[in-house]
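In order, the protein sequences belong to chains S and X. When we follow numbering that gives the first Met the number 0, the leftmost residue of the first sequence carries the number 0, and every step to the right adds one. When we follow numbering that gives the first Met the number 0, the leftmost residue of the second sequence carries the number 0, and every step to the right adds one.
Hints are not guaranteed to be accurate.
Stated by the list, open to error - Only part of the chain X face toward chain S is listed, based on derived beta-carbon distances under 8 Å:
#1 D229
#2 L232
#3 W296
#4 P367
#5 W585
#6 E650
Said to hold, decoys possible - Computed Cβ-Cβ distance ranges for the label pairs, DEER-style:
#7 X/D678 <-> S/A113: 21 to 31 Å
#8 X/G115 <-> S/P115: 36 to 46 Å
#9 S/V9 <-> X/G308: 50 to 60 Å
#10 S/V10 <-> X/W155: 22 to 32 Å
#11 S/Q68 <-> X/P493: 55 to 65 Å
#12 X/A202 <-> S/G51: 32 to 42 Å
#13 S/A113 <-> X/K735: 50 to 60 Å
Hints listed in this document are in silico derivations from the structure and should not be mistaken for laboratory results. Fair warning: this is a prediction, and the values are worked out from it, not measured in the lab. All C-beta atoms in this analysis are idealised placements derived from N, C-alpha and C, irrespective of residue type, glycine included.
This is what each chain is made of:
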Amino acid sequence: MAKLNVNGQVVEVQAEDDTPLLWALREQLGLTGTKYGCGIAQCGACTVHVDGVAARACAMPVSAFDETQRIVTIEGLSPDASHPIQQAWLALDVPQCGFCQPGMIMAAAALLAATPRPTEAQIREEVTNICRCGTFNRVIAGIQRAAGPATAG
Amino acid sequence: MNAISRPGNPSRRHLLASASAALGAFTLGFRIPLPGEAAAQTGAPASAPAAAPTSAEVNAWVVVKPDDTIVIRIARSEMGQGTLTGLAQLVAEELECDWAKVTTEYPTPGQNLARGRVWGNMSTGGSRGIRESQDYVRKGGAAARMMLVQAAANAWSVPAGECRAAASIVTHMPSGRTTTFGRVAEAAGRLPVPTDVPLKNPADWKVAGQPVLRLDTAAKLNGSQVYGMDLQLPGMLNAAIHACPVFGGKVRSVDSAAAEAMPGVKRVLRVGDNAVAVVADTWWRAKTALDAVNITWDEGEHAAASSAGFAEVLRSALDAPQAAVGNRAGDAAAAIAAAPRKVEAVYSYPHQNHACMEVMNATAVWTPERCEVWTPTQNGEAAHAVAAEASGLPPARCEVHKFHLGGGFGRRAAVHDWVRQAVEIAKQMPGTPVKLVWTREEDMLQGRFHPITMCRMTAGLGAQGNLAGLHMRLAGQSIIAGMFPQNIRDGRDPLVFQGLNASSNEADIGYTIPNLLIDHAMRNPHVPPGFWRGVNLNQNTIYLECFLDELAHAAGKDPLEFRRALMANHPKHLAVLNAVAERAGWGTPAAPVDGQPVFRGLSQTHGFGSYVAACAEVSVSEAGVLKIHRIVAATDPGHAVNPQQIAAQVEGSFVYGLSAALYGECTVKDGRIEQTNFDSYQVLRMDEMPKVETIVLPTGGFWGGVGEPTIAVAAPAVLNAIFAATGKRVRDLPLKNTSLRRT
Ligand code: FES
Ligand code: FES
Numbered sequence: 000m001a002k003l004n005v006n007g008q009v010v011e012v013q014a015e016d017d018t019p020l021l022w023a024l025r026e027q028l029g030l031t032g033t034k035y036g037c038g039i040a041q042c043g044a045c046t047v048h049v050d051g052v053a054a055r056a057c058a059m060p061v062s063a064f065d066e067t068q069r070i071v072t073i074e075g076l077s078p079d080a081s082h083p084i085q086q087a088w089l090a091l092d093v094p095q096c097g098f099c100q101p102g103m104i105m106a107a108a109a110l111l112a113a114t115p116r117p118t119e120a121q122i123r124e125e126v127t128n129i130c131r132c133g134t135f136n137r138v139i140a141g142i143q144r145a146a147g148p149a150t151a152g
Numbered sequence: 000m001n002a003i004s005r006p007g008n009p010s011r012r013h014l015l016a017s018a019s020a021a022l023g024a025f026t027l028g029f030r031i032p033l034p035g036e037a038a039a040q041t042g043a044p045a046s047a048p049a050a051a052p053t054s055a056e057v058n059a060w061v062v063v064k065p066d067d068t069i070v071i072r073i074a075r076s077e078m079g080q081g082t083l084t085g086l087a088q089l090v091a092e093e094l095e096c097d098w099a100k101v102t103t104e105y106p107t108p109g110q111n112l113a114r115g116r117v118w119g120n121m122s123t124g125g126s127r128g129i130r131e132s133q134d135y136v137r138k139g140g141a142a143a144r145m146m147l148v149q150a151a152a153n154a155w156s157v158p159a160g161e162c163r164a165a166a167s168i169v170t171h172m173p174s175g176r177t178t179t180f181g182r183v184a185e186a187a188g189r190l191p192v193p194t195d196v197p198l199k200n201p202a203d204w205k206v207a208g209q210p211v212l213r214l215d216t217a218a219k220l221n222g223s224q225v226y227g228m229d230l231q232l233p234g235m236l237n238a239a240i241h242a243c244p245v246f247g248g249k250v251r252s253v254d255s256a257a258a259e260a261m262p263g264v265k266r267v268l269r270v271g272d273n274a275v276a277v278v279a280d281t282w283w284r285a286k287t288a289l290d291a292v293n294i295t296w297d298e299g300e301h302a303a304a305s306s307a308g309f310a311e312v313l314r315s316a317l318d319a320p321q322a323a324v325g326n327r328a329g330d331a332a333a334a335i336a337a338a339p340r341k342v343e344a345v346y347s348y349p350h351q352n353h354a355c356m357e358v359m360n361a362t363a364v365w366t367p368e369r370c371e372v373w374t375p376t377q378n379g380e381a382a383h384a385v386a387a388e389a390s391g392l393p394p395a396r397c398e399v400h401k402f403h404l405g406g407g408f409g410r411r412a413a414v415h416d417w418v419r420q421a422v423e424i425a426k427q428m429p430g431t432p433v434k435l436v437w438t439r440e441e442d443m444l445q446g447r448f449h450p451i452t453m454c455r456m457t458a459g460l461g462a463q464g465n466l467a468g469l470h471m472r473l474a475g476q477s478i479i480a481g482m483f484p485q486n487i488r489d490g491r492d493p494l495v496f497q498g499l500n501a502s503s504n505e506a507d508i509g510y511t512i513p514n515l516l517i518d519h520a521m522r523n524p525h526v527p528p529g530f531w532r533g534v535n536l537n538q539n540t541i542y543l544e545c546f547l548d549e550l551a552h553a554a555g556k557d558p559l560e561f562r563r564a565l566m567a568n569h570p571k572h573l574a575v576l577n578a579v580a581e582r583a584g585w586g587t588p589a590a591p592v593d594g595q596p597v598f599r600g601l602s603q604t605h606g607f608g609s610y611v612a613a614c615a616e617v618s619v620s621e622a623g624v625l626k627i628h629r630i631v632a633a634t635d636p637g638h639a640v641n642p643q644q645i646a647a648q649v650e651g652s653f654v655y656g657l658s659a660a661l662y663g664e665c666t667v668k669d670g671r672i673e674q675t676n677f678d679s680y681q682v683l684r685m686d687e688m689p690k691v692e693t694i695v696l697p698t699g700g701f702w703g704g705v706g707e708p709t710i711a712v713a714a715p716a717v718l719n720a721i722f723a724a725t726g727k728r729v730r731d732l733p734l735k736n737t738s739l740r741r742t
């Protein structure tokens with residue numbers, strides 16, 4: 000059993016200690032926006048924020064958490080999908096199948112939180128999520144749009 | 000555009016509602032009273048017609064709600080390629096409805112069966128989603144408009160010819176009276192469906208042909224989009240599965256004592272003759288317990304098979320006397336023998352996994368009376384047929400509910416092995432819904448792989464460096480032989496000649512070569528092949544376009560000029576090639592990037608009905624570090640239904656095609672695939688993604704697909720640019736196996 004602080008609420012989850020956070024979110028808490036893609040921290044489909052930093056939930060057991068760490072999932076990123084990343088994604092039609100996009104959006108939002116005006120090179124380096132549909136160029140454009148007009152190169 | 004508040008398709012609420020409604024039919028103790036349930040319990044199809052009583056079905060394609068919301072039914076599957084939006088645009092164009100009020104829904108395969116296939120073919124592959132159904136969906140929209148106008152005219156007792164529809168409003172032109180689609184929809188639905196339905200000239204399109212935003216984005220931004228693997232049903236259990244990693248192998252024995260004692264585990268089951276599943280309360284517990292099951296395999300006759308062995312078989316087929324002819328002109332052998340100069344090269348292309356982001360999954364519930372399945376599929380009808388077969392029930396007692404797919408790429412198109420497994424599991428637990436989700440590892444090992452091929456290119460160059468004769472010998476695997484062996488006649492699979500046909504309007508060679516022979520010696524390793532986005536166009540375009548580049552250099556000619564000399568009879572192929580050459584600045588040096596000189600490579604092809612070309616710009620450092628900086632791509636799909644979605648498909652095609660070119664390879668050792676996850680099966684990521692400039696050049700008069708053809712030009716354009724940069728010819732894919740270091 001673990002106590003998690005998810006999207007602003009402290010909840011208890013009934014799961015073995017070694018259960019990855021990903022599966023506790025999806026199966027115990029019904030937060031299925033966070034996706035399973037690889038289970039080995041390779042693809043980023045399971046990206047959530049832990050204390051504001053992007054983290055891959057498939058590779059962290061629930062036992063590593065207590066209620067002091069603030070976990071935010073795609074469902075909790077903004078109450079009405081109004082986060083600048085979400086708005087930019089909507090304007091540019093970023094998603095294709097969309098399956099990687101919760102993780103992509105969480106990675107992009109964490110990048111902007113840490114680096115409000117990332118260069119294109121920083122974006123390419125920091126967002127390492129896999130998208131098999133191939134939305135990368137629109138992801139880059141979306142992050143730049145969300146960051147505001149002043150970003151360069 | 001107010002898309003964020005638009006109801007997504009299918010939203011979590013909608014899906015759960017329809018899932019519960021369908022389950023109501025089983026009277027399994029779930030009591031969720033919903034419209035349609037009463038009908039379901041009396042034996043009508045469990046998924047009652049999607050239109051609730053308050054909505055009016057005008058015809059099969061169009062439902063109008065009293066608030067003027069337009070529901071357009073989409074029979075094909077949405078897997079990211081934008082077909083859902085494109086088809087809706089085509090219906091809306093003829094319907095003359097308010098685009099801002101358009102939503103969509105999937106009719107089910109069971110409904111299609113019950114209504115005499117009123118929605119036609121549901122299969123979504125071969126880049127056919129739009130081009131194959133554009134005519135009848137536009138007619139569906141036009142017929143619905145005619146019925147709505149007629150209903151309004153009847154209400155006013157005026158001739159329909161005096162009324163016009165626009166933006167979901169019918170206006171009686173002489174009097175100026177108006178009504179809305181929502182008000183007349185019910186009456187319209189009672190009118191006969193017109194048979195003579197003229198369509199607009201595409202030149203007059205207002206919604207189709209426009210770069211409108213997709214209809215399915217909002218739910219993909221906040222986690223509310225429900226994919227197959229996200230489905231939750233009351234009382235549902237979860238299953239993880241492990242099938243014999245050697246294709247053709249079977250389960251010999253199972254020791255499940257330890258697993259059965261683990262928390263949450265309900266059952267350990269045999270599935271078919273080759274797999275073991277654990278069913279538990281949660282998937283993570285099922286997966287953890289599965290790891291504790293001791294399975295002994297009977298690996299069967301392929302236990303020692305290896306990629307090295309396959310390569311040997313294919314290489315010897317390059318000389319085989321027996322081969323099926325795909326394209327022949329003149330006498331290639333004689334022309335090559337007589338030519339002053341002979342050029343020869345052997346190429347190869349490996350097995351690859353689709354690696355959809357969403358792993359294979361299906362939820363099934365079975366009772367002796369009914370079987371119901373929820374799954375992401377590119378072909379609802381094929382999934383339905385598999386569900387019926389596996390359930391032992393007649394098709395009319397089965398139903399399949401589709402989701403937006405988390406990627407398809409051909410893996411979810413033809414075979415539905417995971418659906419069969421899910422039903423076989425559910426059948427062993429009557430009345431309990433069970434969701435089967437593969438691990439990524441299972442998904443990698445149990446793929447339907449890009450066919451493995453080799454090719455020997457042999458050419459004779461004339462005295463002026465002209466191409467006098469060409470023999471293209473393909474050797475290797477046939478997808479059709481693997482999937483539909485009954486369709487193979489005399490060892491000939493016509494699909495292996497994709498992009499090389501003389502004239503098919505589908506996938507034709509873009510060059511006139513006076514003496515030409517293209518033939519295929521079929522060799523089928525035991526690894527099951529599948530339709531892999533781009534299919535056989537992928538390797539055929541590499542073989543032809545890279546070798547033409549080799550010939551141009553052997554002849555001392557510019558690769559563009561060398562091609563142009565062969566393309567006089569192929570103006571559409573030539574037009575896209577010229578478009579990329581011009582935009583990229585072919586013939587003028589590219590500007591260096593970070594001190595590295597930049598080189599270009601070209602490629603063009605025709606596939607899935609569309610003409611495509613690419614020009615790649617790359618640099619390769621002395622140490623052999625490849626950077627792909629920019630790609631200019633052109634597509635002529637005939638009619639362009641949504642140019643910005645075509646651009647999205649072109650951009651995505653380079654990710655898929657360059658992943659294949661750089662990294663894509665599934666090797667076989669001891670009969671099984673060696674790559675098990677994204678650590679050993681690398682794919683392109685953002686740091687390596689080139690800029691892509693897309694030119695959409697719709698010349699009209701035909702309908703080509705856009706989801707696949709561009710993949711084929713990605714690798715050869717880059718390989719030709721690498722040669723320009725390094726003088727190295729890479730003929731064996733993927734590139735990761737070849738060093739580009741120059742010292
Ligand atoms: S599922 Fe966690 S990184 Fe892939
Ligand atoms: S949008 Fe499909 S995997 Fe990224």
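* Asked: Does X/W585 pass the interface hint, meaning its C-beta sits closer than 8 Å to a C-beta of chain S?
  -> violated, 22 Å
* Asked: Is 55 to 65 Å a correct range for the gap between the Cβ atoms of S/Q68 and X/P493?
  -> holds, 59 Å
* Asked: How about X/P367: closest beta carbon in chain S under 8 Å, or not?
  -> Interface hint status for X/P367: violated (30 Å vs cutoff 8 Å).
* To do: Using the beta carbons of X/G115 and S/P115, state whether their distance is inside 36 to 46 Å or not.
  => violated, 58 Å
* Asked: Do the beta carbons of X/A202 and S/G51 sit within 32 to 42 Å of each other?
  -> Since the Cβ atoms of X/A202 and S/G51 sit about 53 Å apart, the hinted range of 32 to 42 Å is violated.
* To do: Let me know if the C-beta of X/D229 comes in closer than 8 Å to any C-beta of chain S, holds or violated.
  => At about 4 Å, which falls below the 8 Å cut-off, the nearest Cβ of chain S leaves the hint on X/D229 intact, so it holds.
* State, for the Cβ atoms of X/D678 and S/A113, whether the hinted interval 21 to 31 Å holds or is violated. => For X/D678 and S/A113 the Cβ distance comes to about 26 Å; the hint holds.
* To do: Answer holds if the nearest beta-carbon of chain S is closer than 8 Å to that of X/W296; otherwise answer violated.
  => Hint violated; X/W296 Cβ to chain S Cβ min 23 Å, cut 8 Å.
* **chain S contact restraint for X/L232 - C-beta distance below 8 Å** => violated, 12 Å
* Using the Cβ atoms, figure out if S/V10 sits within 22 to 32 Å of X/W155. => violated, 60 Å
* So the hint says 50 to 60 Å: do the beta-carbon atoms of S/V9 and X/G308 match that? -> holds, 58 Å
* Per the CB criterion, is X/E650 less than 8 Å away from chain S? -> Check passed: Cβ of X/E650 comes within 5 Å of chain S, closer than 8 Å.
The structure fails hints 2, 3, 4, 5, 8, 10, 12, 13 (numbered hints given earlier, in ascending order).
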